[in-house]
Amino acid sequence: MDYFIQQLVNGLTLGSIYGLIAIGYTMVYGIIGMINFAHGDIFMLGGFAALIVFLLLTTLFAGVPVALALLVMLIVAMLMTSLWNWAIERVAYRPLRGSFRLAPLITAIGMSIVLSNFIQVAQGPRNKPIPPMITDVYHFGEVTIQLKQIVIIIVTAVLLTLFWYIVNKTPLGRAQRATEQDRKMAALLGVDVDRTISITFVMGAALAAVAGTMYLMYYGVAAFNDGFIPGVKAFTAAVLGGIGSLPGAVLGGLLIGLIESLWSAYFTIAYKDVATFGLLAFVLIFKPTGILGRPEVEKV
Amino acid sequence: MANAISEPGKAPASLLGQAIKEAVFTGLLTFGLFLLYIGFKTDQDISNALIIYGRPGLLAIFVGIAAVGRFLMVLFVHPWAKARKDARAEVPVHDIEKSPSLFHKHFLKIALVALLLYPPVIVSIYGFQGSLKFVDNFGIQILIYVMLAWGLNIVVGLAGLLDLGYVAFYAVGAYSYALLSSHFGLSFWLLLPISGILAAFWGMILGFPVLRLRGDYLAIVTLAFGEIIRLVLINWTDVTQGTFGVSSIPKATLFGIPFDASPGGFAKMFGLPMSSAYYKIFLFYLILALCMVTAYVTIRLRRMPIGRAWEALREDEIACRSLGINTVTTKLTAFSIGAMFGGFAGSFFAARQGFVSPESFVFMESAVILAIVVLGGMGSLTGIAVAAIVMTGGTELLREMEFLKHIFGPDFTPELYRMLIFGLAMVIVMILKPRGFVGSREPSAFLKEKKAVSGSFTKEGHG
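Chains as they are written, first to last, in numbering that gives the first Met the number 0: chain A, 0 to 299; chain B, 0 to 462.
Simulated from the structure, these hints should not be mistaken for laboratory data. None of these values were measured; they are calculated from a predicted model. Hints may be right or wrong, so weigh each one.
[To be verified] Now the stretches of chain B that chain A is said to cover, found in silico as 3 or more residues with beta-carbon under 8 Å:
1) 35-44
2) 371-377
3) 418-424
Here a beta-carbon is modelled for each residue, glycine too, at the ideal position from N, C-alpha and C.
With the hints as extra help, turn the sequences into a complete structure.
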């Protein structure tokens, strides 16, 4: 039982990270119906920004408190990825908004290749390990919970609440939901559609940066190709939960995190990703719009 | 500059002001974007700890290039492009009426003859040994991508099913050949159809669960399927030898004549000096023939009821069902026939390399193939071939650019920038030509007269 609870905690931690990335996918998909393939690499950029800030802080101001360092890393990483995603949307996606569906998908895949290779060229292809930032652990009987796991879960919970509030209670969120439902009608009613879409990209990027920072803190390493696997898993999470649905993205992320850690614990670690993707196929066979997705109305 | 002045209602001074404003903005944006990633570099020191150092010079160069580029863009390129567009708009459009030139009319024949003559011409210029690089890297490599893209085109371009895991079928074909030939000693010519059939079978297996899915759900499940195949290839070490891959795969033979130094080998039999170029040239014609088969089958299928059903499915699934088309078999045939050509290409790939490993079948390959299909203009075979030549040939060319080392110093490795440039090219081509290189296609079925359909009237990926 203790072992099970231990795996549950590990799974929730991982799932929180996936959930944070998945929100970016699901929001962009909801608002412009496009799979933003570069989102995984935005997550990677966030991790790298945090890494560089961490190194700057530790070399310039040795002995800076960990909490403060983490806060600065988070803020800078969020600013950085927001700027990148904003610029990418402007350059690579907006000109193709009226075009056919696959065009922005292809530019997104292109941007994904560009971002990961840019980091490879600019920062080198090797893994970048950092010394562990938070090492405290707590013991509850046989269960060991690391402080960094608690930090990740709390930060995720706080951000999700904040985010839920923005989307559901503020004028900005209302504009987003209106744009999602009917872009033309929203524009007619005075919603600045372009600006709303830009903000959606910025918000998704900021959450991805948080996930990137958490990932760096949790695993203590960053690499230029880190974006792909978590990106695909987060996208799987978004689809599993029902793409376009925010609670769905979080639920999907948590589910995938749990499956991964439980499968690795009780079966073989080698096939954990196969289990994840298998579950996705299985769920979609019986519920083609995901767990919380709204059934698509077919119109002639 | 003349264009800028001739533009009515806009004084050049304000244009200059705007250019300066935008240049400053772009400079600031570039500074922000690259501040961390270019401005600083992280590196491991001798004790493997990370150190960081600044690169302000490089950052300044980036910002400078961006600002100056934007300045010139606003001041010169935009007015020029606008003037050109205006000039075009003034001329009434009669392009469609104009009869195509001799070159355009016989383009396919000319292209085919050029391809057939390509190896002999290269050999006569560079000799057998010198021709290796050109036949292999520029011939076979590109033709493999042409074939894969034409195969994927059946799924994406004709049936409109977005498939992000096409490389899985390529892998199935390659491993079928690799394993069956090294364990059971079966010949290439027997295994080529078997690989195709096995891949088609896997296409069906993938097809069943995704039948009810639409658009992007389909995309993620196919992506997941591709990843599952790759992960199984990595982890099922008893059979596939995992990441080490299967090596020393037997070569293909020319109707039983092997390409080696044995007395019965090709070189000895025809009394020629030994060279590995014969095998490459043979492979070149083989893949060319396979491509031609793919193209022929695609063209014929489009005229058959099943091909029409595919295109109808792409345009409107509900209308399709209402008219009594069985969407289940239509989708399954599209998946399996597309997969079959992937399987053919895979077994050819295994015979050519003599080595297969899961490394060759990553998602990026699927993405590249899909990019070629879309950049070529969805459904147009010529366009896809052009896209394959530009994208793969272009990146291969980059490998050859030794002279760049003289400009950027001996440490400069063009290899490193290959994928970066490939990604940028994908983005830029898509933005400049959203309809692909060949944006219009001839309709398969028509009423009374044949009109070229602009790509914008057709839909894709509505699974």
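Do the hints match the structure? See the list:
1. With 8 residues having a Cβ less than 8 Å from any Cβ of chain A, the region 35-44 of chain B passes the three-residue criterion, so the hint holds.
2. Figure legend: the region 371-377 of chain B, annotated as covered by chain A; annotation consistent (3 residues with Cβ-Cβ distances under 8 Å, at least 3 required).
3. Chain A is given as covering the region 418-424 of chain B, and this holds because 6 residues of the stretch bring a CB closer than 8 Å to a CB of that chain, at least three being needed.
Hint check: no violations occur; every hint is consistent with the structure.
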